[in-house]
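Chemist: Sequence:
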Amino acid sequence: MNRREIKARGRQALKRHYMILVMTGLIAVFLGLQGSSFDNTLRMYSSDHTQQDLTGEEETGRQEADTRVAMGSTGLMDVLEHIIMGDPEKGREISEKIREAEIERSEEENRILGRSRGALSKMVNAVTSGSLFVMFVSGINSLSGSDNLGSLILVMLALAGIAGFYLLIVNTYAVISARMFLEGRCYEKLPIQRFIFLLRARRWIKVSMAMLLCAIYQLLWIFTLIGGPIKYYSYYLVPYILAENPDLTGREAVTLSRKMMRGHKWECFVMECSFIGWWILGAFTLGLSEVLFSIPYQSAAFCEYYVYLRDRAKSLSIPGAELLNDRYLYETAPKKALEEAYADVIECKKDLEAGVVRPEGIRGLISGWFGISWDITKEDRAYEENRERQVRLGMLDDVVEGKLYPVRLSRFPATVKQKRIETFHYMRHYSVWSLILLFFIFSIFGWCWEVSIHLVLDGVFVNRGTFHGPWLPIYGAGGVLLLTVLNRVRSHPVIEFFSIMLLCGIVEYGTSYYLEKVYDGKKWWDYSGYFLNLNGRICAEGLLVFGIGGMVIVYVAAPLLDNWIGRLKKHVLIYICLALLGVYIADCAYSAGHPNEGKGITDYQPLTRTWDIRVCKQKM
Numbered sequence: 024m025n026r027r028e029i030k031a032r033g034r035q036a037l038k039r040h041y042m043i044l045v046m047t048g049l050i051a052v053f054l055g056l057q058g059s060s061f062d063n064t065l066r067m068y069s070s071d072h073t074q075q076d077l078t079g080e081e082e083t084g085r086q087e088a089d090t091r092v093a094m095g096s097t098g099l100m101d102v103l104e105h106i107i108m109g110d111p112e113k114g115r116e117i118s119e120k121i122r123e124a125e126i127e128r129s130e131e132e133n134r135i136l137g138r139s140r141g142a143l144s145k146m147v148n149a150v151t152s153g154s155l156f157v158m159f160v161s162g163i164n165s166l167s168g169s170d171n172l173g174s175l176i177l178v179m180l181a182l183a184g185i186a187g188f189y190l191l192i193v194n195t196y197a198v199i200s201a202r203m204f205l206e207g208r209c210y211e212k213l214p215i216q217r218f219i220f221l222l223r224a225r226r227w228i229k230v231s232m233a234m235l236l237c238a239i240y241q242l243l244w245i246f247t248l249i250g251g252p253i254k255y256y257s258y259y260l261v262p263y264i265l266a267e268n269p270d271l272t273g274r275e276a277v278t279l280s281r282k283m284m285r286g287h288k289w290e291c292f293v294m295e296c297s298f299i300g301w302w303i304l305g306a307f308t309l310g311l312s313e314v315l316f317s318i319p320y321q322s323a324a325f326c327e328y329y330v331y332l333r334d335r336a337k338s339l340s341i342p343g344a345e346l347l348n349d350r351y352l353y354e355t356a357p358k359k360a361l362e363e364a365y366a367d368v369i370e371c372k373k374d375l376e377a378g379v380v381r382p383e384g385i386r387g388l389i390s391g392w393f394g395i396s397w398d399i400t401k402e403d404r405a406y407e408e409n410r411e412r413q414v415r416l417g418m419l420d421d422v423v424e425g426k427l428y429p430v431r432l433s434r435f436p437a438t439v440k441q442k443r444i445e446t447f448h449y450m451r452h453y454s455v456w457s458l459i460l461l462f463f464i465f466s467i468f469g470w471c472w473e474v475s476i477h478l479v480l481d482g483v484f485v486n487r488g489t490f491h492g493p494w495l496p497i498y499g500a501g502g503v504l505l506l507t508v509l510n511r512v513r514s515h516p517v518i519e520f521f522s523i524m525l526l527c528g529i530v531e532y533g534t535s536y537y538l539e540k541v542y543d544g545k546k547w548w549d550y551s552g553y554f555l556n557l558n559g560r561i562c563a564e565g566l567l568v569f570g571i572g573g574m575v576i577v578y579v580a581a582p583l584l585d586n587w588i589g590r591l592k593k594h595v596l597i598y599i600c601l602a603l604l605g606v607y608i609a610d611c612a613y614s615a616g617h618p619n620e621g622k623g624i625t626d627y628q629p630l631t632r633t634w635d636i637r638v639c640k641q642k643m
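Position one of the sequence shown corresponds to residue 24 (our numbering), numbered consecutively onward.
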């Protein structure tokens, strides 16, 4: 074995896929699969922080301690302790103190982390104060007539949750990590979807059971003292073997690893020791060098070491080596094999490249950046459909070019449902008249939404917004901006989602600020007391709803509505838009001097005193 060459290959693979492999190693650290000074630093900081809280409680007395108890995990643990000991009423009392302390502290110290209003605040309060567990145990005890059954079930569920997390996540992640590094050494691209390759191949449970059997074997050998370290290296290759062939049972993987490591245990130990310099550097850098380089570097190097032992096992015809048969995990597939396996993709690609003309000039610039066209022609529709098919092909194009691992050529191809090209295409451009009508549709829908909320919660009809007509322009403007400003990121749904949240946050905050300045501080909405709010103008709960709603608009609602609008005759569409614009402009002119205001509209008051908070809680 040439250890220097193996390490060089590992560094090369890490350089090619640095970001995703660092993320792979970081997840392993947080799951406890990799030791790191970074993890120890976090634990030390947490311990020091807790000690400071306890010291402060002793100095300031019992009353201050009750207020500060919610700052750490001490209060929650007290609640759980009383629940487990069979005293849920005492736990309920403590949880209520924790909740009140959190609400008061959020109003006094950090209004951004509001806890007095909103569904998200209630959820956070229920978890951090322990009231969720109190309600669960009290409900079980009430239904069963027993004082201890609820506590027993809670403990059993907690143990089951811990066991399930270890079995399905922690125990299996070593195999997932090995697969990431194995594919990264051979292929130019490494998609993040590979983290769920076992799930898509329907082998997750089987691999979990195999890794569990390996862990049981290692645990049993530890009791023999000498056998523990020896078997640690004997079973060293099990995650790599299962990453290549997840169809193997735990016994088969363990047996094959033992045969492959015969005569190489000391060699593996020496290779581990060759990284001791990086471990020392990690201690001096508080683990940052480990997270950013040495841990993924070590994983990449041992991945190369496994490849070396695999090739040796096959050359020596070690029994069981024939089970390691994922050929294209170590070499790129020949062009002919790819053409046969992905013939449909190649054919579709040829169809896409034929006879499609992209809009040019100013018209092409506006449509390309903002997705706006004065009029949608047949050529535009053809270009849109072509562009969307390109997006839906996704990574398959890279597979055909040999840049990605060819799943179809593996022994366990991922079970992916065929995506049917729907009658509507979200990668489309919208005409000016279609955008105008969509503006009013979204505005009217937003008005109906908010009116319905007030009608359900308060039992009173409230004409929401600054205008007198049945529309809320902030919803219409937001919807149109999503379709135009974010046109360039529409092909990336994850980026689209966070961009929607950012854009909606800017629009909502700007609108709130403008209305307060123009109308002498009057507020049409106030998120003060909501968890993660900014000056009461925006909050995380609202932005999350906007993000989900925006995704529905961009990928479903707007394309369907645009199809319906496209069935209208052009002159009819223009007349409808002009009529709506006329009424809207008249409403704008009148509302500028006589804005819509009153109870349920502009009666929001900031919560500045403790009694205000308590009144708010009572109303909730």
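Think of the hints as simulated: they come from the structure by calculation, not from any bench.
These numbers come from a predicted model, not from an experiment.
Treat the hints with care, since some could be wrong.
Stated by the list, open to error - The list that follows gives simulated cross-link-like pairs (lysine-lysine, DSS-like), each with its CA atoms no further than 25 Å apart:
1) 622 / 540
2) 372 / 337
3) 30 / 229
4) 358 / 30
5) 373 / 212
6) 358 / 282
7) 145 / 426
8) 282 / 229
9) 359 / 373
Chemist: Next, verify each hint and record whether it holds.
Modeler: A quick look at each hint next to the structure:
| no. | hint | verdict |
| --- | --- | --- |
| 1 | 622 / 540 | holds (20 Å) |
| 2 | 372 / 337 | violated (39 Å) |
| 3 | 30 / 229 | violated (32 Å) |
| 4 | 358 / 30 | violated (30 Å) |
| 5 | 373 / 212 | holds (23 Å) |
| 6 | 358 / 282 | violated (35 Å) |
| 7 | 145 / 426 | violated (47 Å) |
| 8 | 282 / 229 | holds (22 Å) |
| 9 | 359 / 373 | holds (17 Å) |
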